[in-house]
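Here are the chains, one letter per residue:
Protein chains: 2
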Amino acid sequence: MAQQERAVRTRRAVLEAAAAVFAERGYAAATIAEILNRAGVTKGALYFHFDSKAALARGVLQEQISTEYHVPRELKLQEWVDAGMTLADRLPREPLLLAGVRLSADLRGRSVFGSAWPAWAEFTAARLTEAKARGEVLPHVVPEESAQVFLGAWTGVQLVSQALADWADLDERMAALFDHLLPAITVPSVLDRLDTAPDRGARVIAEVRGRSRTALAGARA
Amino acid sequence: MAQQERAVRTRRAVLEAAAAVFAERGYAAATIAEILNRAGVTKGALYFHFDSKAALARGVLQEQISTEYHVPRELKLQEWVDAGMTLADRLPREPLLLAGVRLSADLRGRSVFGSAWPAWAEFTAARLTEAKARGEVLPHVVPEESAQVFLGAWTGVQLVSQALADWADLDERMAALFDHLLPAITVPSVLDRLDTAPDRGARVIAEVRGRSRTALAGARA
Numbered sequence: 000m001a002q003q004e005r006a007v008r009t010r011r012a013v014l015e016a017a018a019a020v021f022a023e024r025g026y027a028a029a030t031i032a033e034i035l036n037r038a039g040v041t042k043g044a045l046y047f048h049f050d051s052k053a054a055l056a057r058g059v060l061q062e063q064i065s066t067e068y069h070v071p072r073e074l075k076l077q078e079w080v081d082a083g084m085t086l087a088d089r090l091p092r093e094p095l096l097l098a099g100v101r102l103s104a105d106l107r108g109r110s111v112f113g114s115a116w117p118a119w120a121e122f123t124a125a126r127l128t129e130a131k132a133r134g135e136v137l138p139h140v141v142p143e144e145s146a147q148v149f150l151g152a153w154t155g156v157q158l159v160s161q162a163l164a165d166w167a168d169l170d171e172r173m174a175a176l177f178d179h180l181l182p183a184i185t186v187p188s189v190l191d192r193l194d195t196a197p198d199r200g201a202r203v204i205a206e207v208r209g210r211s212r213t214a215l216a217g218a219r220a
Numbered sequence: 000m001a002q003q004e005r006a007v008r009t010r011r012a013v014l015e016a017a018a019a020v021f022a023e024r025g026y027a028a029a030t031i032a033e034i035l036n037r038a039g040v041t042k043g044a045l046y047f048h049f050d051s052k053a054a055l056a057r058g059v060l061q062e063q064i065s066t067e068y069h070v071p072r073e074l075k076l077q078e079w080v081d082a083g084m085t086l087a088d089r090l091p092r093e094p095l096l097l098a099g100v101r102l103s104a105d106l107r108g109r110s111v112f113g114s115a116w117p118a119w120a121e122f123t124a125a126r127l128t129e130a131k132a133r134g135e136v137l138p139h140v141v142p143e144e145s146a147q148v149f150l151g152a153w154t155g156v157q158l159v160s161q162a163l164a165d166w167a168d169l170d171e172r173m174a175a176l177f178d179h180l181l182p183a184i185t186v187p188s189v190l191d192r193l194d195t196a197p198d199r200g201a202r203v204i205a206e207v208r209g210r211s212r213t214a215l216a217g218a219r220a
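Respectively, the protein sequence lines represent chains A and B. Take 0 as the starting number for the first sequence in numbering that gives the first Met the number 0 and just add one per residue. Take 0 as the starting number for the second sequence in numbering that gives the first Met the number 0 and just add one per residue.
Hints were generated in silico from the structure; no laboratory data involved. Glycine included, each C-beta is placed from N, C-alpha and C at the ideal position. Any given hint could be a false lead.
Pair ranges (Cβ atoms, derived) [what the hints assert, rightly or not]:
hint	chain 1	residue 1	chain 2	residue 2	range
1	B	23	A	210	46 to 56 angstroms
2	A	205	B	70	27 to 37 angstroms
3	B	33	A	1	33 to 43 angstroms
4	A	167	B	201	37 to 47 angstroms
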């Protein structure tokens, strides 16, 4: 394994261990010792990548917005829905995402290590702005305002899903949230064409994985 | 002061002290000693009303839904909006309400003392069911489903408002939330008649206080 590749893997192992500990205990109760133990790396290796617990938290937060499962669609609003629905599908299974949600809502910690909220709000506002330029969004909608509503609503929906169902119903709650927000935002002729079914996220993820398998097979042939 | 009146006042003082301590420290870190100290009552007086810390938390949660500022309106949906907007106005100033929000979202504690979430969801579902019977709500709307969406959204909106603005913008965020949810629920001709301005809650509260002053003056005359 090349040295650079090893460094990337170590960094990832440390981040995932930190995420698991932050997600389980919260930031304040997490210790570097437990993260080291879980990651199975040396103290030197950890500190090479992250010089403090706050740096680990910032590292986790930077992983929140990924384009891994982004597929361009005819409707920009569908891309926004897809981002939310794939997140709802992945969140219960990915400690990095779970930890990011928990850290972002940590009222004491967020002044130390920040939050993914601004990045999430900007992401939504950018998608709504693109969709508006294409005539998918109602003229009176202010993308930044709608993005703030969605940020708050989504934060609470995942909290309620965690508390009541250990995230088992997150896809259904997220689909219901989109169904309740989209009519305020969307041009009627576009609204009918959006897919907000609870299994939308799982289908998009399967589509992306299918494509990369096909691409791999093609490269090998 | 009659003995019964004194008991009511003591109970209230204990509940408010407990609420303030729960709101500041969370349930786990709160102690009966600090609550006693803050309430200025004897241990015997506290235990006469509440036999444990969990009983205090349950007492706080039972205070969450009050009809104090309820005014009947021509539109049932306006009554629902008014309940949300008066809550948004009162929350930042009333430790009993703040503590209830915090306790309800306490993932560990809620199995011990419960949560106000079911009562909130039932309240919304009941208002939407009444509104639907009067033709204010779109036929496909399922009141219990919309109530769950609103519960999640409202929980998150107050958390985001607390984190970013110490609740100073809660009225604006709550108004924006109603503006984003109502089109999915409401018959178009009713939608235009609903008042969801950020100062709606403050105006309803002033109206109720004005009426009770008038009633008092009338009783004295």
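Broken hints, by number: 2, 3
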